[in-house]
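Take the sequences, apply the hints, and build the full model.
Protein chains in written order, with our numbering: chain A, 113 to 226; chain B, 59 to 357.
Treat the hints with care, since some could be wrong.
Stated by the list, open to error - Simulated DEER-style distance windows between Cβ atoms:
1. F357(B) <-> S149(A): 22 to 28 Å
2. F357(B) <-> A193(A): 52 to 58 Å
3. P197(B) <-> K218(A): 26 to 32 Å
4. R174(B) <-> D163(A): 57 to 63 Å
5. K171(A) <-> V121(B): 37 to 43 Å
Said to hold, decoys possible - Rough simulated footprint, nothing fancy, chain B against chain A, three-plus residues with beta-carbon under 8 Å:
6. 184-194
7. 198-211
Unchecked claim - Dumping the calculated DSSO-like pairs for lysine-lysine here, alpha-carbon to alpha-carbon at most 30 Å:
8. K183(A) <-> K218(A)
9. K183(A) <-> K317(B)
10. K164(A) <-> K117(B)
11. K171(A) <-> K317(B)
12. K317(B) <-> K218(A)
13. K350(B) <-> K171(A)
14. K218(A) <-> K95(B)
15. K218(A) <-> K117(B)
16. K189(A) <-> K317(B)
17. K189(A) <-> K236(B)
18. K236(B) <-> K218(A)
19. K264(B) <-> K189(A)
20. K317(B) <-> K205(A)
21. K171(A) <-> K352(B)
22. K95(B) <-> K264(B)
23. K176(A) <-> K264(B)
24. K352(B) <-> K205(A)
25. K352(B) <-> K164(A)
26. K352(B) <-> K189(A)
27. K350(B) <-> K176(A)
Keep in mind that the hints were calculated from the coordinates and are not lab data. Keep in mind it's a predicted model, so treat the numbers as computed, not measured. Beta carbons are placed, not taken as given, at the ideal position from N, Cα and C, and that holds for glycine.
Single-letter residue listing:
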Amino acid sequence: MLIMMRKLTLAAVCAIAMLPVSPSQAQQASEVQVTYSNGQFQPSEVRAPADKPITVRVKNLDAKAMEFESKSLRVEKVVAANSEGVINVRALKPGRYEFYDDFNEKARGALIVQ
Amino acid sequence: MRARRQYGRPHSIALCAVACLLGWCGAARAEDASSWKDIETKYIFGFTTGSGIGLEGEKEFTVDSIGRFGKRDGHYAATETKYEFEFTPSQFIQIEFGALGSAHHIGGVTDLDDRRQVAVSGAFAELRYLAIERTSSNPLAVTLAVEPTVRLIDETSGARVRNYEFETTVNADIELLKNRLFAGFNLLYEPEVTWTALGDTQREAKFGGSAALSLRIASNIVVGGEVWYLRHYDSAALTAFTGDAVMLGPTLYIQFTPKMFMTAAWNTQVWGREIGNPVSLNLAEFQRNRAKLKFAVEF
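Right, dumping it as structure tokens:
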């Protein structure tokens, strides 16, 4: 039984190791840029093509840090004041993916994938 | 390791959770859910685990306690607490690991020794893989998870043992109403082997599934109910069926701050049977009630 459990654990680890954990490395990414200033995203909606990895560049022009976060994109990144953060996102299906500043309830935006 | 047959009368409550849920539905409609942020579904269904795997780069420390209360006779209370670190290294995988602590307060229960003890009881790790992701056109998400666990203290009796468990689950959920109403489903297979201090070897397995419904009544509060059907076998291959049970109860999730939340759940056994023992409820392999309380801090 113990041997069986060890084999099961090993099989599970191997199976997961072979899964596509980072498909974004396989293709050329398309890039979108968002600026954050006065507590707002500019533009509040950005567009990107479907089924292609995406690089989101977030330029924080404010004098304090912000946290770019999105549950549907499954990413979060703290971007320091007056600096730029780069977020790599997997290839996405068409749809609307909302993002926000986790430090500021009012700052919202969306990535429209078509 | 399970307790042997015990006797007593059945106990059933917890349908009030459904009534509460329906009552809250009306009140919740008044708030506009479209302005709410998306919610992580992993912890909103109580004992049922949602498909969420967190955000890439996110780390979390969690204290997760499960209490089991009530056998056929005497006094029975046992808890197991996970002190857990979890992180999400990619947009598809989540990894968790940590230590287990247990507490047992047992007195006058047939086939269990009286015991009052608190102990560090083992360790565990979990790997979760998001197999189907939710999009704006697909409300279903599915995650596959495996969780090997080693215990030096038996979960049920509190006795010194060597126990190896390999929990395998499918965690699925559907967003029924955008940002508002979610249904969760789990499928569970949990084989384990235990060596007792006397040198006996016990092989067993649990198999079952759950369904849960959760309603977001405010941007930071989710309430719901869940039902579990669990079967117990005296073999890992599911060949020696010994009994089954249905557990039912309410669930609660509260997000205190963007980085801190808690989840709580209570399940009561509303139906059960022990093969070869014509009593109601299955209190040999399962407990009368179980509770879950979890606090988490993300960083």
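Going down the list of hints, with the structure as the test:
| no. | hint | result |
| --- | --- | --- |
| 1 | F357(B) <-> S149(A): 22 to 28 Å | holds, 27 Å |
| 2 | F357(B) <-> A193(A): 52 to 58 Å | violated, 20 Å |
| 3 | P197(B) <-> K218(A): 26 to 32 Å | holds, 27 Å |
| 4 | R174(B) <-> D163(A): 57 to 63 Å | holds, 60 Å |
| 5 | K171(A) <-> V121(B): 37 to 43 Å | holds, 38 Å |
| 6 | 184-194 | holds (count 6) |
| 7 | 198-211 | holds (count 9) |
| 8 | K183(A) <-> K218(A) | holds, 16 Å |
| 9 | K183(A) <-> K317(B) | holds, 13 Å |
| 10 | K164(A) <-> K117(B) | holds, 27 Å |
| 11 | K171(A) <-> K317(B) | holds, 23 Å |
| 12 | K317(B) <-> K218(A) | holds, 17 Å |
| 13 | K350(B) <-> K171(A) | violated, 42 Å |
| 14 | K218(A) <-> K95(B) | holds, 11 Å |
| 15 | K218(A) <-> K117(B) | holds, 24 Å |
| 16 | K189(A) <-> K317(B) | holds, 14 Å |
| 17 | K189(A) <-> K236(B) | holds, 25 Å |
| 18 | K236(B) <-> K218(A) | holds, 20 Å |
| 19 | K264(B) <-> K189(A) | violated, 40 Å |
| 20 | K317(B) <-> K205(A) | holds, 28 Å |
| 21 | K171(A) <-> K352(B) | violated, 37 Å |
| 22 | K95(B) <-> K264(B) | violated, 37 Å |
| 23 | K176(A) <-> K264(B) | violated, 52 Å |
| 24 | K352(B) <-> K205(A) | violated, 34 Å |
| 25 | K352(B) <-> K164(A) | violated, 38 Å |
| 26 | K352(B) <-> K189(A) | holds, 26 Å |
| 27 | K350(B) <-> K176(A) | violated, 39 Å |
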